[in-house]
Amino acid sequence: MLQRTSFVDYIKNTNLAFSSLIQLGDSNSIYNFSRALAVQREVEFFHEDEGHFGSYSTFTKPISFAPITENIQMVRHNLKPLIKVGKIDILGISSSSALHVGNTCHLINESRVKHIRHLQPREDQQGSSEAGRP
Amino acid sequence: MIFEVYNRDLCVENIRITGVASSSMVLIGDAETVQLASIFDTPPESLIIGPFVPLIPDVT
Chain A
1 MLQRTSFVDY
11 IKNTNLAFSS
21 LIQLGDSNSI
31 YNFSRALAVQ
41 REVEFFHEDE
51 GHFGSYSTFT
61 KPISFAPITE
71 NIQMVRHNLK
81 PLIKVGKIDI
91 LGISSSSALH
101 VGNTCHLINE
111 SRVKHIRHLQ
121 PREDQQGSSE
131 AGRP
Chain B
135 MIFEVYNRDL
145 CVENIRITGV
155 ASSSMVLIGD
165 AETVQLASIF
175 DTPPESLIIG
185 PFVPLIPDVT
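Residue numbers (the numbering used here), protein chains in the order written: chain A, 1 to 134; chain B, 135 to 194.
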């Protein structure tokens, strides 16, 4: 199957982080996966072995996609088999994201982030000692 | 379903993007299947006000 060719003059990217990808050229299948426990503490004290992903349902619950029940047959007529782009300027690509110049068959990205904030008790508060529930 | 596509001229001058984040994708080209999934969790229980209690340690 003849596919279109991508033609890009200029790419500028400043940040590429956490299982992200810049792919120049065709690919068959790509799977990017990342997970993060983002802990912000008023008192910046961290133990070395803190944080277990399996303790939180955020990282264990399955992601289900709606099933495709329709039988889809796709027919392409590439009358002009060229995709032309002048300049691409991206500040940041992060957490299982991708910039892909070229054709691909299957591209799957998955990212899971849980934010936790630890604040000190205030003078006028008893404070809530409710720990993060799994 | 039969999905018939006619690809003619496709020409873009400039693309400027601040961020591509959390399982996003910028694709210049063709694809067959794309699956993008992201879970971002900041429930009320994630805000802890009180004395320091470390997270459950990673035992692996």
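Heads up, a few of these hints could be off.
To be verified - Heads up, simulated DMTMM-like pairs for lysine to aspartate or glutamate below, C-alpha to C-alpha not over 25 Å straight-line:
id: 1; chain 1: A; residue 1: K87; chain 2: B; residue 2: E147
id: 2; chain 1: A; residue 1: K80; chain 2: B; residue 2: E166
id: 3; chain 1: A; residue 1: K61; chain 2: B; residue 2: D175
Simulated from the structure, these hints should not be mistaken for laboratory data.
Here is what the structure says about each hint:
For a cut-off of 25 Å, the pair hint linking K87 (chain A) to E147 (chain B) stands: about 7 Å separates their Cα positions. For the given pair, K80 (chain A) sits about 19 Å from E166 (chain B) by alpha-carbon distance, which is consistent with the 25 Å threshold. Annotation: proposed proximity of K61 (chain A) to D175 (chain B) holds, straight-line Cα distance about 12 Å (limit 25 Å).
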